[in-house]
Amino acid sequence: MADRVVLMIGTKKGAFVADAAKPRKSFSLRGPFGGGIPAYSTLIDTRGTPRLYASSCNPFFGMKVLRSTDLGKSFKETKSAPAFPKDDGRAVANIWSLEAGGGKKDLLCGVEPASLFRSPDGGDSWEMVAGISNHEHARKWQPGGGGLCMHTIVRDGNRVHLGISTGGHYLSEDGGQTFKPSNNGVGAGFAPDPYPEFGQCVHKIVRTDRAPGRLYMQNHGGWAEWTGPGGPRPDIGVLRSDDYGHTWRSIAKGLPSDFGFPIVVHPHDPDTVYVVPLEVTTRTCPGGAPAVWRSENGGESWSRLTKGLPKKETFFTVLRDGMDIDELKSPALYFGTTTGQLWIGRDGGEKWECLFDALPPIHNVKVAVV
Amino acid sequence: MLGALRTYCGGAEQLQTSARTVRAALEDLERHQFALYRNICDETGAVRRHLNVFVNTENVRDLNGVETKLSPGDVLTILPAVSGG
Numbered sequence: 000m001a002d003r004v005v006l007m008i009g010t011k012k013g014a015f016v017a018d019a020a021k022p023r024k025s026f027s028l029r030g031p032f033g034g035g036i037p038a039y040s041t042l043i044d045t046r047g048t049p050r051l052y053a054s055s056c057n058p059f060f061g062m063k064v065l066r067s068t069d070l071g072k073s074f075k076e077t078k079s080a081p082a083f084p085k086d087d088g089r090a091v092a093n094i095w096s097l098e099a100g101g102g103k104k105d106l107l108c109g110v111e112p113a114s115l116f117r118s119p120d121g122g123d124s125w126e127m128v129a130g131i132s133n134h135e136h137a138r139k140w141q142p143g144g145g146g147l148c149m150h151t152i153v154r155d156g157n158r159v160h161l162g163i164s165t166g167g168h169y170l171s172e173d174g175g176q177t178f179k180p181s182n183n184g185v186g187a188g189f190a191p192d193p194y195p196e197f198g199q200c201v202h203k204i205v206r207t208d209r210a211p212g213r214l215y216m217q218n219h220g221g222w223a224e225w226t227g228p229g230g231p232r233p234d235i236g237v238l239r240s241d242d243y244g245h246t247w248r249s250i251a252k253g254l255p256s257d258f259g260f261p262i263v264v265h266p267h268d269p270d271t272v273y274v275v276p277l278e279v280t281t282r283t284c285p286g287g288a289p290a291v292w293r294s295e296n297g298g299e300s301w302s303r304l305t306k307g308l309p310k311k312e313t314f315f316t317v318l319r320d321g322m323d324i325d326e327l328k329s330p331a332l333y334f335g336t337t338t339g340q341l342w343i344g345r346d347g348g349e350k351w352e353c354l355f356d357a358l359p360p361i362h363n364v365k366v367a368v369v
Numbered sequence: 000m001l002g003a004l005r006t007y008c009g010g011a012e013q014l015q016t017s018a019r020t021v022r023a024a025l026e027d028l029e030r031h032q033f034a035l036y037r038n039i040c041d042e043t044g045a046v047r048r049h050l051n052v053f054v055n056t057e058n059v060r061d062l063n064g065v066e067t068k069l070s071p072g073d074v075l076t077i078l079p080a081v082s083g084g
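Here the protein sequences come in this chain order: A and B. Note that numbering that gives the first Met the number 0 has the first sequence beginning at 0, numbered continuously upward. Note that numbering that gives the first Met the number 0 has the second sequence beginning at 0, numbered continuously upward.
Note that these hints are calculated values from the structure, not bench results. The structure presented is a predicted model; accordingly, all values stated were derived computationally and were not measured. Incorrect hints may have been included.
[As the list claims (entries may be wrong)] Per label pair, the in silico range of CB-to-CB distance:
#1 Leu62(B) <-> Tyr194(A): 45 to 55 Å
#2 Gly144(A) <-> Ser82(B): 36 to 46 Å
#3 Arg3(A) <-> Leu14(B): 55 to 65 Å
#4 Gly307(A) <-> Asn58(B): 51 to 61 Å
#5 Lys306(A) <-> Glu29(B): 35 to 45 Å
#6 Thr43(B) <-> Arg248(A): 18 to 28 Å
[Claimed, not checked] Here are some chain A residues pointing at chain B (derived, C-beta under 8 Å):
#7 Ala82
#8 Lys85
#9 Glu326
C-beta atoms are modelled at their ideal positions from N, C-alpha and C, and glycine is treated no differently.
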């Protein structure tokens with residue numbers, strides 16, 4: 000019976016694991032794992048015996064994947080890490096996403112430069128997924144501020160959604176064999192064409208089991224004031240799809256900024272979705288006052304959740320994988336900041352409390368009940 | 000051998016090679032110590048950007064790169080570049 004809430008926290012100095020009994024009164028912290036090396040991605044794989052994974056993105060000695068089979072008491076390197084074929088000409092510069100694949104031990108991994116790898120054995124061996132890694136568009140994608148990264152992998156049966164910055168949203172409907180750009184309604188702010196076929200700077204995509212075809216996207220917004228070719232692009236930053244990602248429409252009206260990185264959907268209510276709007280030039284909390292914004296009607300309107308959060312003089316960033324939500328009956332949100340704070344938002348974000356105040360800069364937060 | 004790398008070559012502090020160039024020494028590693036090699040060179044075969052390779056006390060960057068010749072008794076040392084943060 001699942002009775003522990005487990006958090007994985009990927010930071011600039013390695014991965015941490017925190018856990019608590021279900022009431023979530025008190026979390027204990029272990030780590031850092033990975034010897035001070037940045038962990039850009041983490042995964043809690045709850046299929047069968049839980050396995051915890053962290054990417055270990057070593058600027059000196061290359062990429063590794065760490066795995067724990069004892070709920071984060073210890074981690075070991077897997078036997079290999081994603082690597083391009085020798086004659087490909089590309090080299091893996093970062094591991095940006097780890098997700099459970101279709102088979103019992105399958106893993107998927109998105110890397111920089113934007114490419115996808117698949118492991119059939121829990122991370123011990125890897126093969127490049129040619130359908131997207133060698134896509135005819137791949138050599139045309141441009142790096143965003145974080146590099147040319149494949150940061151989002153969302154599986155939905157035979158569908159695989161990928162988020163690439165800057166490549167946009169790519170969709171496979173044959174289990175990941177072939178991919179097509181699927182950006183109808185997804186705006187781009189840094190190209191003369193406001194709605195190109197591909198090349199958008201998608202920041203994050205999430206789906207929900209509770210509404211077939213429903214996805215939400217945090218895109219690179221902040222282009223309402225643009226006066227150059229193509230004209231202003233207001234509200235391109237927060238989007239919704241109801242047809243499995245074939246078309247998208249804006250749901251950004253009512254937010255203080257359509258720029259942000261993470262987006263999270265409620266585990267039991269497909270109409271409840273959370274974002275962290277950021278001021279576009281500094282990419283920090285608007286007005287120095289952090290807030291998570293929640294819509295309870297699928298993006299038609301938004302409300303500000305701030306109880307317990309600082310009221311002023313706070314300028315952190317929450318990165319694209321820096322927020323998650325657990326699946327308990329009254330779920331809690333969790334977000335980590337670039338200033339090393341880990342916050343919990345109990346009762347669906349109604350009441351915030353800082354769990355850990357001085358971790359290294361946080362890249363990602365994942366939660367599972369195991 | 001730097002401590003962090005010894006885990007990839009069975010704990011060895013030093014390895015012997017009869018290679019006549021730095022490139023040949025790296026190719027030797029690729030054949031016989033692949034896990035160690037992957038830490039030193041990326042998939043394209045290039046020495047990783049933040050590593051320095053010395054022949055005796057000279058950085059190969061100031062010699063002839065990976066084409067630098069090796070003679071019997073030379074010591075090849077691989078070290079991470081100085082960094083912080």
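Hint by hint, here is what the structure shows:
no.: 1; hint: Leu62(B) <-> Tyr194(A): 45 to 55 Å; verdict: 53 Å, holds
no.: 2; hint: Gly144(A) <-> Ser82(B): 36 to 46 Å; verdict: 21 Å, violated
no.: 3; hint: Arg3(A) <-> Leu14(B): 55 to 65 Å; verdict: 45 Å, violated
no.: 4; hint: Gly307(A) <-> Asn58(B): 51 to 61 Å; verdict: 54 Å, holds
no.: 5; hint: Lys306(A) <-> Glu29(B): 35 to 45 Å; verdict: 58 Å, violated
no.: 6; hint: Thr43(B) <-> Arg248(A): 18 to 28 Å; verdict: 42 Å, violated
no.: 7; hint: Ala82; verdict: 5 Å, holds
no.: 8; hint: Lys85; verdict: 6 Å, holds
no.: 9; hint: Glu326; verdict: 37 Å, violated
The structure shown violates the earlier hints numbered 2, 3, 5, 6, 9.
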